[in-house]
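Could you put together the complete structure from these sequences and hints?
This note's numbering puts the sequence shown at residues 3 to 158.
Please keep in mind that the hints were generated in silico from the structure rather than gathered at the bench.
Everything numeric in this text was worked out from a predicted model, so none of it was measured.
Please note that a few of the clues may not be correct.
Here are the simulated lysine to aspartate or glutamate pairs, EDC-like style, with alpha carbons at most 16 Å apart [said to hold, decoys possible]:
#  : residue 1 : residue 2
1  : K133      : E45
2  : K79       : D120
3  : K4        : D95
4  : K133      : D109
5  : K14       : D47
6  : K133      : D47
7  : K4        : E27
8  : K4        : E96
9  : K14       : E43
10 : K4        : E100
11 : K4        : E43
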Amino acid sequence: MKLTIAALGRMKAGPERELVDTYIERASATGRAIGLGPAGEQEIDNRSLTSASDESRALAAALPAGCKLVLMDERGKAMTSRDFARTLARWRDEGVREAVFCIGGADGHDRTQLPQPDLMLAFGPAVWPHKLVRVMLAEQIYRAVSILAGTPYHRD
Numbered sequence: 003m004k005l006t007i008a009a010l011g012r013m014k015a016g017p018e019r020e021l022v023d024t025y026i027e028r029a030s031a032t033g034r035a036i037g038l039g040p041a042g043e044q045e046i047d048n049r050s051l052t053s054a055s056d057e058s059r060a061l062a063a064a065l066p067a068g069c070k071l072v073l074m075d076e077r078g079k080a081m082t083s084r085d086f087a088r089t090l091a092r093w094r095d096e097g098v099r100e101a102v103f104c105i106g107g108a109d110g111h112d113r114t115q116l117p118q119p120d121l122m123l124a125f126g127p128a129v130w131p132h133k134l135v136r137v138m139l140a141e142q143i144y145r146a147v148s149i150l151a152g153t154p155y156h157r158d
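Printed below as a string of structure tokens:
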């Protein structure tokens, strides 16, 4: 099952970009043997988008048919890493071809412009900078893949 982070805007070179790339590469390498991956990222050009509705329509247009949609939202569900891993494993075992994790713009998602999400996920009730959300999401995807692969990366 392919794992894609769909995010508005282009992340420029810097420490956050390096971390996202590192975790995506690790998730792809580790997940290959267990049917998860490749992991990837889709950056959506938001320079001409002027509202949350425009941004959400652009995210919706980038979604492949039949994917599982995960919206990153501070009102979403906070999950343990193991629960997140179990969710990905269940989707993979159900034959899902791709899960897409959408990070909205500064004003969040306009839910009327997006399909019904399969999961709304939060990294707690705090609002995080979008660059850090991208890093944390890439790391959690890698962590979930590592848990399912039985590597020692995750420690309870």
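### Task
For the pair we were handed, K4 and E100, check the Cα-Cα distance against 16 Å.
Holds - the C-alpha atoms of E100 and K4 are around 4 Å apart, at most 16 Å.
#### Entry: Agreement of K4 and D95 with the hint, judged by alpha carbon distance not exceeding 16 Å
13 Å, holds
### Task
With a cut-off of 16 Å on the C-alpha distance, tell me whether K4 and E43 pass.
With Cα atoms ~11 Å apart, K4 and E43 stay inside 16 Å; holds.
#### Entry: Pairwise hint evaluation, D109 against K133, where the allowed Cα distance is 16 Å at most
Roughly 15 Å between the alpha carbons, so the hint for K133 and D109 holds.
### Task
Mind checking the alpha carbons of K4 and E96 for me, to see if they're no more than 16 Å apart?
13 Å, holds
### Message
Holds or violated: K14 and E43, Cα atoms, limit 16 Å.
### Response
14 Å, holds
### Message
Given the hinted pair K79 and D120, is their Cα-Cα distance within 16 Å?
### Response
11 Å, holds
### Pairwise hint evaluation, D47 against K133, where the allowed Cα distance is 16 Å at most
With Cα atoms ~15 Å apart, K133 and D47 stay inside 16 Å; holds.
### Query
When you check the alpha-carbon spacing of K14 and D47, does it fall within 16 Å?
13 Å, holds
### Query
If you draw a straight line from the CA of K4 to the CA of E27, is it 16 Å or shorter?
Given pair K4, E27 holds - Cα atoms ~13 Å apart, limit 16 Å.
### Query
Is K133 within 16 Å of E45, Cα to Cα?
12 Å, holds
Hint compliance for this structure: no hint is broken.
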